[in-house]
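Each residue of the sequence shown is one higher than the one before, starting from 1 at the first, in full-length UniProt numbering.
Don't read these hints as lab results, they were simulated from the structure. Watch out, some of these pointers could steer you wrong.
Derived lysine to aspartate or glutamate pairs resembling EDC-like cross-links, with alpha carbons at most 16 Å apart [as the list claims (entries may be wrong)]:
(1) K189 <-> E416
(2) K53 <-> E301
(3) K193 <-> E416
(4) K402 <-> D148
(5) K68 <-> D148
(6) K51 <-> E301
(7) K63 <-> E301
(8) K185 <-> D171
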Amino acid sequence: MFSFLPLIIFLALYLGSGIYFSFIGLGNPLHQISPLVCLLPALFFAILFNKNKIQHSVDTLIKGMGNKTTLTVCLIFLLAGAFSTVTQSLGSINVIASLTICFLPAQLLLPGMFFISAFIASAIGTSIGVIALITPIAVNLAQNGAFDCAVGVGAVIGGSMFGSNLSMISDTTIAATSSQGASVKDKLKLTLKTGSVTGLIILTYLVMISNSTEVVSLSSLDYLSIVKIIPYISLIIMGLFEINTLVTLAVNMVVAGILGIAFFDYSIIDYSHDICRGFNKMNEVMIFILFSSGLSHLMYEYSQKKIDKFTDEVNLTRSQAELMIAGISSMFTILVSSNIVAILLTSNIAKRLAQRYNISPHRSAYLLEIFTAITKSILPYGSQILLASSIASLSPIAVLTKVYYCFVFAAVAITEIVINGRRHAVVAPQLPQI
1 MFSFLPLIIF LALYLGSGIY FSFIGLGNPL HQISPLVCLL PALFFAILFN
51 KNKIQHSVDT LIKGMGNKTT LTVCLIFLLA GAFSTVTQSL GSINVIASLT
101 ICFLPAQLLL PGMFFISAFI ASAIGTSIGV IALITPIAVN LAQNGAFDCA
151 VGVGAVIGGS MFGSNLSMIS DTTIAATSSQ GASVKDKLKL TLKTGSVTGL
201 IILTYLVMIS NSTEVVSLSS LDYLSIVKII PYISLIIMGL FEINTLVTLA
251 VNMVVAGILG IAFFDYSIID YSHDICRGFN KMNEVMIFIL FSSGLSHLMY
301 EYSQKKIDKF TDEVNLTRSQ AELMIAGISS MFTILVSSNI VAILLTSNIA
351 KRLAQRYNIS PHRSAYLLEI FTAITKSILP YGSQILLASS IASLSPIAVL
401 TKVYYCFVFA AVAITEIVIN GRRHAVVAPQ LPQI
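From just these sequences and the hints, can you work out the full model?
Take a look at the structure:
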(Lines of atoms letter the chains of each structure in order from A; the text may use other names.)
(Lines give C-alpha, C1' and ligand atoms only; values in the text may rest on other atoms or scores of the structure.)
Protein backbone atom coordinates (compact mmCIF):
# COMPACT_ATOMS: atom_id res chain seq x y z
CA MET A 1 0.00 0.00 0.00
CA PHE A 2 2.87 2.38 0.79
CA SER A 3 3.99 2.12 -2.85
CA PHE A 4 0.83 3.86 -4.02
CA LEU A 5 0.59 6.53 -1.30
CA PRO A 6 2.42 9.22 -3.34
CA LEU A 7 -0.03 8.70 -6.22
CA ILE A 8 -2.96 8.78 -3.79
CA ILE A 9 -1.64 12.03 -2.28
CA PHE A 10 -1.38 13.64 -5.73
CA LEU A 11 -4.84 12.50 -6.84
CA ALA A 12 -6.39 13.55 -3.51
CA LEU A 13 -4.91 17.05 -3.78
CA TYR A 14 -5.58 17.51 -7.51
CA LEU A 15 -9.08 16.03 -7.71
CA GLY A 16 -10.00 17.16 -4.19
CA SER A 17 -9.14 20.79 -4.93
CA GLY A 18 -11.05 20.56 -8.20
CA ILE A 19 -14.15 19.24 -6.44
CA TYR A 20 -13.88 21.93 -3.76
CA PHE A 21 -13.52 24.79 -6.25
CA SER A 22 -16.42 23.46 -8.33
CA PHE A 23 -18.62 23.46 -5.19
CA ILE A 24 -17.81 27.09 -4.41
CA GLY A 25 -18.58 28.05 -7.99
CA LEU A 26 -15.17 28.89 -9.47
CA GLY A 27 -14.76 28.35 -13.18
CA ASN A 28 -12.19 25.85 -14.45
CA PRO A 29 -11.91 24.22 -10.99
CA LEU A 30 -9.09 21.84 -11.97
CA HIS A 31 -7.00 24.76 -13.21
CA GLN A 32 -7.21 26.81 -10.00
CA ILE A 33 -4.27 24.91 -8.49
CA SER A 34 -1.64 23.68 -10.91
CA PRO A 35 -1.13 19.88 -10.99
CA LEU A 36 2.57 20.69 -10.59
CA VAL A 37 1.87 22.13 -7.14
CA CYS A 38 -0.23 19.07 -6.23
CA LEU A 39 2.60 16.81 -7.35
CA LEU A 40 5.24 18.39 -5.09
CA PRO A 41 3.90 16.99 -1.76
CA ALA A 42 3.72 13.53 -3.36
CA LEU A 43 7.35 13.86 -4.47
CA PHE A 44 8.50 14.97 -1.01
CA PHE A 45 6.61 12.09 0.63
CA ALA A 46 8.07 9.51 -1.77
CA ILE A 47 11.62 10.75 -1.11
CA LEU A 48 11.46 11.27 2.65
CA PHE A 49 9.21 8.45 3.89
CA ASN A 50 10.63 5.19 2.58
CA LYS A 51 13.08 2.51 3.68
CA ASN A 52 15.89 3.72 1.40
CA LYS A 53 18.31 6.53 2.10
CA ILE A 54 17.29 9.97 0.90
CA GLN A 55 20.21 10.16 -1.54
CA HIS A 56 19.17 6.85 -3.11
CA SER A 57 15.60 8.11 -3.51
CA VAL A 58 16.82 11.36 -5.08
CA ASP A 59 19.03 9.38 -7.49
CA THR A 60 16.06 7.19 -8.44
CA LEU A 61 13.91 10.28 -8.99
CA ILE A 62 16.52 11.88 -11.26
CA LYS A 63 17.03 8.60 -13.12
CA GLY A 64 13.31 8.44 -13.81
CA MET A 65 13.19 12.06 -14.95
CA GLY A 66 16.18 11.58 -17.23
CA ASN A 67 15.26 8.35 -19.01
CA LYS A 68 15.25 8.38 -22.79
CA THR A 69 11.49 7.99 -23.21
CA THR A 70 10.65 10.87 -20.87
CA LEU A 71 13.13 13.29 -22.45
CA THR A 72 11.99 12.31 -25.95
CA VAL A 73 8.36 13.02 -25.05
CA CYS A 74 9.38 16.40 -23.58
CA LEU A 75 11.20 17.36 -26.78
CA ILE A 76 8.23 16.22 -28.88
CA PHE A 77 5.97 18.42 -26.73
CA LEU A 78 8.22 21.46 -27.21
CA LEU A 79 8.45 21.02 -30.98
CA ALA A 80 4.74 20.17 -31.29
CA GLY A 81 3.89 23.37 -29.40
CA ALA A 82 6.14 25.46 -31.64
CA PHE A 83 4.88 23.80 -34.85
CA SER A 84 1.26 24.24 -33.78
CA THR A 85 1.73 27.92 -32.88
CA VAL A 86 3.60 28.76 -36.10
CA THR A 87 1.03 27.03 -38.34
CA GLN A 88 -1.83 28.68 -36.44
CA SER A 89 -0.29 32.12 -37.04
CA LEU A 90 0.22 31.19 -40.68
CA GLY A 91 -3.44 30.16 -40.99
CA SER A 92 -2.80 26.53 -41.90
CA ILE A 93 -5.43 25.26 -39.47
CA ASN A 94 -8.14 27.47 -41.00
CA VAL A 95 -7.33 26.19 -44.49
CA ILE A 96 -7.45 22.52 -43.45
CA ALA A 97 -10.68 23.10 -41.53
CA SER A 98 -12.22 24.83 -44.57
CA LEU A 99 -11.16 21.97 -46.84
CA THR A 100 -12.65 19.47 -44.39
CA ILE A 101 -15.95 21.35 -44.45
CA CYS A 102 -15.91 21.37 -48.25
CA PHE A 103 -15.74 17.57 -48.42
CA LEU A 104 -17.83 16.55 -45.40
CA PRO A 105 -21.45 17.40 -44.57
CA ALA A 106 -22.06 18.94 -41.14
CA GLN A 107 -23.32 15.67 -39.64
CA LEU A 108 -20.10 13.84 -40.56
CA LEU A 109 -17.56 16.38 -39.29
CA LEU A 110 -17.32 14.76 -35.83
CA PRO A 111 -16.92 11.15 -37.04
CA GLY A 112 -14.66 12.60 -39.73
CA MET A 113 -12.24 13.79 -37.03
CA PHE A 114 -12.11 10.25 -35.63
CA PHE A 115 -11.68 8.62 -39.05
CA ILE A 116 -8.98 11.05 -40.25
CA SER A 117 -7.06 10.66 -36.97
CA ALA A 118 -7.28 6.86 -37.18
CA PHE A 119 -6.16 6.80 -40.82
CA ILE A 120 -3.16 9.07 -40.32
CA ALA A 121 -2.17 7.38 -37.04
CA SER A 122 -2.21 3.93 -38.66
CA ALA A 123 -0.03 5.27 -41.46
CA ILE A 124 2.60 7.04 -39.37
CA GLY A 125 2.57 4.81 -36.26
CA THR A 126 2.23 7.47 -33.57
CA SER A 127 -0.56 8.92 -31.47
CA ILE A 128 1.23 12.02 -30.17
CA GLY A 129 2.03 13.28 -33.68
CA VAL A 130 -1.58 12.86 -34.79
CA ILE A 131 -2.90 14.66 -31.71
CA ALA A 132 -0.52 17.56 -32.40
CA LEU A 133 -1.65 17.59 -36.04
CA ILE A 134 -5.43 17.14 -35.81
CA THR A 135 -6.42 18.64 -32.43
CA PRO A 136 -5.98 22.27 -33.60
CA ILE A 137 -8.23 21.46 -36.57
CA ALA A 138 -10.89 19.95 -34.30
CA VAL A 139 -10.69 22.97 -31.98
CA ASN A 140 -11.07 25.34 -34.92
CA LEU A 141 -14.15 23.48 -36.17
CA ALA A 142 -15.62 23.42 -32.66
CA GLN A 143 -15.11 27.17 -32.28
CA ASN A 144 -17.07 27.64 -35.49
CA GLY A 145 -20.04 25.61 -34.23
CA ALA A 146 -19.39 22.19 -35.78
CA PHE A 147 -19.48 20.19 -32.51
CA ASP A 148 -18.64 20.33 -28.81
CA CYS A 149 -14.91 20.97 -28.36
CA ALA A 150 -14.28 18.29 -25.70
CA VAL A 151 -16.13 15.64 -27.74
CA GLY A 152 -14.18 16.59 -30.87
CA VAL A 153 -10.84 16.41 -29.05
CA GLY A 154 -11.88 13.07 -27.51
CA ALA A 155 -12.63 11.74 -31.00
CA VAL A 156 -9.16 12.80 -32.15
CA ILE A 157 -7.48 11.04 -29.20
CA GLY A 158 -9.55 7.90 -29.83
CA GLY A 159 -8.60 7.84 -33.50
CA SER A 160 -4.96 8.48 -32.66
CA MET A 161 -4.88 5.20 -30.71
CA PHE A 162 -4.72 3.39 -34.04
CA GLY A 163 -1.14 4.66 -34.20
CA SER A 164 -0.29 2.60 -31.12
CA ASN A 165 -2.34 -0.52 -31.84
CA LEU A 166 -2.86 -0.92 -35.58
CA SER A 167 0.39 0.24 -37.13
CA MET A 168 3.30 -2.00 -38.09
CA ILE A 169 5.76 0.82 -37.42
CA SER A 170 4.40 1.77 -33.99
CA ASP A 171 7.01 1.77 -31.22
CA THR A 172 4.52 0.07 -28.88
CA THR A 173 3.92 -2.70 -31.43
CA ILE A 174 7.64 -3.23 -31.84
CA ALA A 175 8.27 -3.19 -28.07
CA ALA A 176 5.41 -5.59 -27.27
CA THR A 177 6.13 -8.13 -30.00
CA SER A 178 9.90 -8.14 -29.52
CA SER A 179 9.57 -8.56 -25.74
CA GLN A 180 7.29 -11.59 -26.19
CA GLY A 181 9.06 -13.10 -29.20
CA ALA A 182 5.92 -12.64 -31.31
CA SER A 183 5.17 -11.94 -34.96
CA VAL A 184 3.99 -8.39 -35.72
CA LYS A 185 1.61 -9.74 -38.37
CA ASP A 186 -0.05 -12.22 -35.98
CA LYS A 187 -0.35 -9.57 -33.27
CA LEU A 188 -1.96 -7.09 -35.69
CA LYS A 189 -4.53 -9.70 -36.75
CA LEU A 190 -5.69 -9.96 -33.14
CA THR A 191 -5.76 -6.20 -32.65
CA LEU A 192 -7.63 -5.69 -35.92
CA LYS A 193 -10.54 -7.82 -34.69
CA THR A 194 -11.20 -5.87 -31.50
CA GLY A 195 -10.05 -2.54 -32.94
CA SER A 196 -12.32 -2.70 -36.00
CA VAL A 197 -15.36 -3.71 -33.91
CA THR A 198 -14.69 -0.83 -31.51
CA GLY A 199 -14.08 1.59 -34.38
CA LEU A 200 -17.41 0.74 -36.02
CA ILE A 201 -19.23 1.17 -32.70
CA ILE A 202 -17.64 4.58 -32.14
CA LEU A 203 -18.21 5.80 -35.71
CA THR A 204 -21.88 4.82 -35.43
CA TYR A 205 -22.21 6.57 -32.07
CA LEU A 206 -20.48 9.74 -33.31
CA VAL A 207 -22.81 9.87 -36.32
CA MET A 208 -25.80 9.48 -33.97
CA ILE A 209 -24.75 12.32 -31.66
CA SER A 210 -23.69 14.58 -34.57
CA ASN A 211 -27.15 15.98 -35.20
CA SER A 212 -25.88 19.45 -36.06
CA THR A 213 -27.15 20.73 -39.40
CA GLU A 214 -25.63 24.16 -38.88
CA VAL A 215 -23.55 25.30 -41.83
CA VAL A 216 -20.07 26.03 -40.52
CA SER A 217 -18.52 29.06 -42.17
CA LEU A 218 -14.80 29.67 -42.15
CA SER A 219 -12.51 31.98 -44.05
CA SER A 220 -12.69 31.76 -47.85
CA LEU A 221 -9.99 29.94 -49.76
CA ASP A 222 -7.85 31.05 -52.66
CA TYR A 223 -5.15 29.20 -54.58
CA LEU A 224 -2.35 30.71 -52.52
CA SER A 225 -4.03 29.50 -49.32
CA ILE A 226 -3.30 25.91 -50.34
CA VAL A 227 0.40 26.68 -49.77
CA LYS A 228 -0.38 26.95 -46.06
CA ILE A 229 -1.15 23.22 -45.76
CA ILE A 230 2.21 22.15 -47.20
CA PRO A 231 3.75 21.74 -43.69
CA TYR A 232 0.96 19.30 -42.76
CA ILE A 233 1.25 17.36 -46.02
CA SER A 234 5.01 17.17 -45.50
CA LEU A 235 4.44 16.03 -41.89
CA ILE A 236 2.27 13.12 -43.04
CA ILE A 237 4.63 12.10 -45.86
CA MET A 238 7.66 12.12 -43.56
CA GLY A 239 5.69 10.03 -41.07
CA LEU A 240 4.83 7.51 -43.79
CA PHE A 241 8.54 7.16 -44.51
CA GLU A 242 9.14 6.45 -40.80
CA ILE A 243 11.30 9.53 -40.27
CA ASN A 244 11.94 10.33 -36.60
CA THR A 245 9.10 12.36 -35.02
CA LEU A 246 11.49 14.98 -33.62
CA VAL A 247 13.12 15.47 -37.02
CA THR A 248 9.72 15.59 -38.72
CA LEU A 249 8.37 18.29 -36.39
CA ALA A 250 11.57 20.35 -36.54
CA VAL A 251 11.80 20.22 -40.35
CA ASN A 252 8.17 21.18 -40.86
CA MET A 253 8.39 23.98 -38.30
CA VAL A 254 11.16 25.42 -40.51
CA VAL A 255 9.13 24.75 -43.68
CA ALA A 256 6.14 26.62 -42.20
CA GLY A 257 8.36 29.59 -41.32
CA ILE A 258 9.95 29.75 -44.78
CA LEU A 259 6.55 29.60 -46.52
CA GLY A 260 5.11 32.29 -44.26
CA ILE A 261 8.04 34.66 -44.81
CA ALA A 262 8.19 33.99 -48.58
CA PHE A 263 4.49 34.15 -49.51
CA PHE A 264 2.62 35.95 -46.74
CA ASP A 265 2.82 38.92 -44.38
CA TYR A 266 4.88 37.02 -41.83
CA SER A 267 8.28 38.29 -40.70
CA ILE A 268 11.20 36.42 -39.18
CA ILE A 269 10.53 38.33 -35.94
CA ASP A 270 6.95 36.99 -35.89
CA TYR A 271 8.35 33.52 -36.57
CA SER A 272 10.81 33.66 -33.66
CA HIS A 273 8.12 34.98 -31.31
CA ASP A 274 5.74 32.19 -32.30
CA ILE A 275 8.37 29.53 -31.63
CA CYS A 276 8.94 30.97 -28.15
CA ARG A 277 5.21 31.16 -27.49
CA GLY A 278 4.85 27.54 -28.55
CA PHE A 279 7.64 26.49 -26.19
CA ASN A 280 6.17 28.51 -23.33
CA LYS A 281 2.74 26.97 -23.87
CA MET A 282 4.23 23.54 -23.17
CA ASN A 283 6.43 24.48 -20.19
CA GLU A 284 4.05 23.41 -17.43
CA VAL A 285 3.15 20.16 -19.18
CA MET A 286 6.81 19.32 -19.83
CA ILE A 287 7.84 19.94 -16.21
CA PHE A 288 4.89 17.86 -15.03
CA ILE A 289 5.98 14.96 -17.25
CA LEU A 290 9.51 15.14 -15.83
CA PHE A 291 8.27 15.14 -12.22
CA SER A 292 5.63 12.44 -12.76
CA SER A 293 8.14 10.19 -14.53
CA GLY A 294 10.56 10.53 -11.61
CA LEU A 295 7.79 9.82 -9.09
CA SER A 296 6.62 6.82 -11.11
CA HIS A 297 10.08 5.26 -11.03
CA LEU A 298 10.22 5.72 -7.26
CA MET A 299 6.85 4.00 -6.89
CA TYR A 300 7.85 1.16 -9.20
CA GLU A 301 11.04 0.50 -7.24
CA TYR A 302 8.99 0.07 -4.06
CA SER A 303 6.47 -2.40 -5.56
CA GLN A 304 8.46 -4.53 -8.04
CA LYS A 305 9.42 -7.45 -5.73
CA LYS A 306 5.95 -7.81 -4.23
CA ILE A 307 4.32 -7.95 -7.66
CA ASP A 308 6.81 -10.56 -8.95
CA LYS A 309 6.22 -12.76 -5.89
CA PHE A 310 2.46 -12.52 -6.28
CA THR A 311 2.48 -13.60 -9.94
CA ASP A 312 4.65 -16.64 -9.08
CA GLU A 313 2.40 -17.89 -6.29
CA VAL A 314 -1.09 -17.24 -7.64
CA ASN A 315 -3.09 -20.04 -9.37
CA LEU A 316 -5.46 -18.93 -12.16
CA THR A 317 -7.56 -19.97 -15.13
CA ARG A 318 -6.40 -18.92 -18.60
CA SER A 319 -8.83 -16.01 -18.85
CA GLN A 320 -7.85 -14.86 -15.35
CA ALA A 321 -4.17 -15.01 -16.38
CA GLU A 322 -4.92 -12.86 -19.44
CA LEU A 323 -6.86 -10.41 -17.29
CA MET A 324 -3.88 -10.32 -14.90
CA ILE A 325 -1.55 -9.41 -17.78
CA ALA A 326 -4.02 -6.69 -18.76
CA GLY A 327 -4.35 -5.47 -15.17
CA ILE A 328 -0.63 -5.45 -14.35
CA SER A 329 0.28 -3.69 -17.60
CA SER A 330 -2.44 -1.10 -16.94
CA MET A 331 -1.25 -0.62 -13.36
CA PHE A 332 2.33 -0.03 -14.45
CA THR A 333 1.13 2.39 -17.12
CA ILE A 334 -0.56 4.36 -14.33
CA LEU A 335 2.67 4.24 -12.34
CA VAL A 336 5.11 5.22 -15.09
CA SER A 337 2.73 7.21 -17.33
CA SER A 338 4.29 5.66 -20.44
CA ASN A 339 2.99 2.68 -22.39
CA ILE A 340 6.44 1.92 -23.79
CA VAL A 341 8.06 1.90 -20.36
CA ALA A 342 5.13 -0.08 -18.92
CA ILE A 343 5.51 -2.72 -21.65
CA LEU A 344 9.22 -3.05 -20.94
CA LEU A 345 8.65 -3.23 -17.17
CA THR A 346 5.90 -5.86 -17.38
CA SER A 347 7.20 -7.91 -20.31
CA ASN A 348 8.88 -10.56 -18.14
CA ILE A 349 5.81 -10.92 -15.92
CA ALA A 350 3.62 -11.29 -19.02
CA LYS A 351 5.99 -13.83 -20.51
CA ARG A 352 6.01 -15.89 -17.29
CA LEU A 353 2.23 -15.94 -17.16
CA ALA A 354 1.91 -16.64 -20.90
CA GLN A 355 4.19 -19.68 -20.72
CA ARG A 356 2.56 -20.96 -17.55
CA TYR A 357 -0.98 -20.76 -18.95
CA ASN A 358 -0.24 -21.69 -22.58
CA ILE A 359 -0.95 -18.22 -23.97
CA SER A 360 0.62 -17.63 -27.39
CA PRO A 361 3.38 -14.99 -27.66
CA HIS A 362 1.41 -12.84 -30.11
CA ARG A 363 -1.58 -12.89 -27.76
CA SER A 364 0.45 -11.81 -24.73
CA ALA A 365 1.98 -9.06 -26.89
CA TYR A 366 -1.53 -8.03 -27.95
CA LEU A 367 -2.68 -7.84 -24.32
CA LEU A 368 0.36 -5.82 -23.29
CA GLU A 369 -0.02 -3.36 -26.12
CA ILE A 370 -3.73 -2.62 -26.08
CA PHE A 371 -4.15 -2.26 -22.33
CA THR A 372 -1.11 -0.03 -21.89
CA ALA A 373 -2.34 2.11 -24.79
CA ILE A 374 -5.92 2.29 -23.46
CA THR A 375 -4.75 3.23 -19.98
CA LYS A 376 -2.22 5.80 -21.20
CA SER A 377 -4.82 7.48 -23.40
CA ILE A 378 -7.20 8.16 -20.50
CA LEU A 379 -4.68 9.14 -17.81
CA PRO A 380 -5.30 12.78 -16.77
CA TYR A 381 -1.50 13.11 -16.52
CA GLY A 382 -0.73 11.06 -19.64
CA SER A 383 0.99 12.73 -22.58
CA GLN A 384 -1.96 12.30 -24.98
CA ILE A 385 -4.48 13.93 -22.65
CA LEU A 386 -2.06 16.63 -21.53
CA LEU A 387 -1.07 17.57 -25.08
CA ALA A 388 -4.64 17.63 -26.38
CA SER A 389 -6.00 19.55 -23.38
CA SER A 390 -3.15 22.08 -23.64
CA ILE A 391 -3.85 22.72 -27.32
CA ALA A 392 -7.61 22.94 -26.73
CA SER A 393 -7.30 24.95 -23.47
CA LEU A 394 -9.52 22.42 -21.67
CA SER A 395 -9.03 20.58 -18.39
CA PRO A 396 -7.60 17.04 -18.72
CA ILE A 397 -10.68 15.62 -16.94
CA ALA A 398 -13.04 17.30 -19.41
CA VAL A 399 -11.14 15.71 -22.28
CA LEU A 400 -10.58 12.18 -20.93
CA THR A 401 -14.28 11.67 -20.16
CA LYS A 402 -14.98 12.15 -23.88
CA VAL A 403 -12.44 9.62 -25.18
CA TYR A 404 -15.23 7.13 -25.85
CA TYR A 405 -13.09 4.87 -28.04
CA CYS A 406 -10.81 3.86 -25.15
CA PHE A 407 -13.65 2.93 -22.80
CA VAL A 408 -15.47 0.91 -25.48
CA PHE A 409 -12.19 -0.71 -26.59
CA ALA A 410 -11.52 -1.82 -23.00
CA ALA A 411 -15.02 -3.32 -22.73
CA VAL A 412 -14.70 -5.13 -26.08
CA ALA A 413 -11.22 -6.45 -25.23
CA ILE A 414 -12.26 -7.73 -21.79
CA THR A 415 -15.33 -9.41 -23.30
CA GLU A 416 -13.11 -11.09 -25.90
CA ILE A 417 -10.76 -12.34 -23.15
CA VAL A 418 -13.65 -13.91 -21.22
CA ILE A 419 -15.14 -15.56 -24.33
CA ASN A 420 -11.75 -16.80 -25.51
CA GLY A 421 -10.95 -18.15 -22.03
CA ARG A 422 -14.03 -20.39 -22.05
CA ARG A 423 -12.63 -22.21 -25.07
CA HIS A 424 -9.30 -22.91 -23.34
CA ALA A 425 -9.55 -24.67 -19.99
CA VAL A 426 -5.97 -24.83 -18.67
CA VAL A 427 -4.59 -26.30 -15.48
CA ALA A 428 -1.53 -24.30 -14.45
CA PRO A 429 1.67 -26.36 -14.77
CA GLN A 430 4.94 -25.72 -12.99
CA LEU A 431 6.17 -22.18 -13.65
CA PRO A 432 8.99 -22.28 -16.24
CA GLN A 433 12.28 -20.60 -15.61
CA ILE A 434 13.12 -17.61 -17.82
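Status of the hints after comparison with the structure:
1. K189 <-> E416: holds (14 Å)
2. K53 <-> E301: Since the Cα atoms of K53 and E301 sit roughly 13 Å apart, the hinted pair holds (cutoff 16 Å).
3. K193 <-> E416: holds (10 Å)
4. K402 <-> D148: Between K402 and D148 the Cα gap is close to 10 Å, so the pair holds against 16 Å.
5. K68 <-> D148: This hinted pair is violated, its Cα atoms lying about 36 Å apart.
6. K51 <-> E301: Within the cut-off at roughly 11 Å; holds.
7. K63 <-> E301: holds (12 Å)
8. K185 <-> D171: holds (15 Å)
Hint check: a violation occurs at hint 5 only; the rest are consistent with the structure.
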